[in-house]
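**Student:** Using the sequences and the hints given, assemble the complete structure.
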Amino acid sequence: GDSVTQMEGPVTLSEEAFLTINCTYTATGYPSLFWYVQYPGEGLQLLLKATKADDKGSNKGFEATYRKETTSFHLEKGSVQVSDSAVYFCALSGGQGFSFIFGKGTRLLVKP
Amino acid sequence: GAVVSQHPSWVICKSGTSVKIECRSLDFQATTMFWYRQFPKQSLMLMATSNEGSKATYEQGVEKDKFLINHASLTLSTLTVTSAHPEDSSFYICSAHQGEQETQYFGPGTRLLVL
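Chains as they are written, first to last, in my numbering: chain A, 1 to 112; chain B, 1001 to 1115.
It cannot be assumed that every hint is accurate.
Far from chain B, some chain A residues (derived; all Cβ distances over 10 Å) [unchecked claim]:
no.: 1; residue: D2
no.: 2; residue: L13
no.: 3; residue: T24
no.: 4; residue: D54
no.: 5; residue: S58
no.: 6; residue: T71
Below, a list of computed lysine to aspartate or glutamate pairs in the EDC-like style, where the Cα atoms sit at most 16 Å apart [claimed, not checked]:
no.: 7; chain 1: B; residue 1: K1041; chain 2: A; residue 2: E42
no.: 8; chain 1: A; residue 1: K111; chain 2: A; residue 2: E15
no.: 9; chain 1: B; residue 1: K1020; chain 2: B; residue 2: D1088
no.: 10; chain 1: B; residue 1: K1041; chain 2: A; residue 2: E8
no.: 11; chain 1: B; residue 1: K1014; chain 2: B; residue 2: E1059
no.: 12; chain 1: A; residue 1: K60; chain 2: A; residue 2: E16
These are computed hints drawn from the structure, not numbers from a lab. The C-beta atom is built at its ideal place from N, Cα and C for all residues, glycine as well.
**Tutor:** Structure below.
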């Protein structure tokens, strides 16, 4: 079945460092891909999405490109801030009823 | 953007009692809502898909008599944890699917602690 694999965390970076969180997927169809962010004690917020191959989603300095050839949707940010500390979930949608499949999440900790 | 609320945000109850959690889409109509459960430092586990006006579809291993879901209107779905036990303590998150869009919008979550 469909699945999402994320790099395991925690990822610890210094402020202004470059961030990459890897995400790969397996899917039988043509899924849409998403990154969600979860701050401590809160629900999930949509960070960005891409609905077809070669689309680039971007928001708040984060970006990810839908790579069909490598089945990947890696999240990147050029310069992280302390406020970016959170858990990031990669997800795909494409099944019946628009159900989502989430990766296990990657915890990011940014130190001043 | 679309806003989804949950109530309550926190609930502490005694073992054996029932707890109702509400999920509302505030500025859009949601034909489909989803209920997830999240254990500490883990990903979200889909519990059930709730469709307005019909019975919920439960994921394998989720007891439908334990977790009652009602989706009575296009803006409200409720999850009732019946006869709660300490092992039901968790973070419950709902999401709503808007129209033709695939994006799900998540509520802020409800933390349940069963003593």
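**Student:** Does each hint hold? Answer for all of them.
**Tutor:** Structure-based check of each hint:
1. For D2 of chain A, the shortest C-beta to C-beta distance to chain B comes to about 12 Å, beyond the 10 Å cut-off, and the non-interface label holds.
2. With a minimum CB-CB distance of about 19 Å to chain B, L13 of chain A clears the 10 Å threshold, and the non-interface call stands.
3. Residue-level check passed: T24 of chain A sits 15 Å from the nearest beta carbon of chain B, beyond 10 Å.
4. For D54 of chain A, the requirement that its beta carbon stay farther than 10 Å from each beta carbon of chain B is met, with the minimum near 18 Å.
5. With a closest Cβ-Cβ approach of about 15 Å to chain B, S58 of chain A is found to remain outside the 10 Å limit, as its non-interface label requires.
6. At roughly 18 Å from the closest C-beta of chain B, the C-beta of T71 of chain A stays outside 10 Å, upholding its exclusion from the interface.
7. For the given pair, K1041 of chain B sits about 13 Å from E42 of chain A by alpha-carbon distance, which is consistent with the 16 Å threshold.
8. At roughly 6 Å between alpha-carbon atoms, K111 of chain A and E15 of chain A fall within 16 Å of each other, so this suggested pair holds.
9. Between the alpha carbons of K1020 of chain B and D1088 of chain B the distance comes to roughly 13 Å, so the proposed pair stays at or under 16 Å and holds.
10. The straight-line distance between the Cα atoms of K1041 of chain B and E8 of chain A is roughly 12 Å, inside the 16 Å bound, and the hint therefore holds.
11. Only pairs whose Cα atoms come within 16 Å are accepted, and K1014 of chain B paired with E1059 of chain B is rejected, the gap being roughly 26 Å.
12. Distance check on the hinted pair: K60 of chain A and E16 of chain A sit about 14 Å apart at the alpha-carbon level, within 16 Å; holds.
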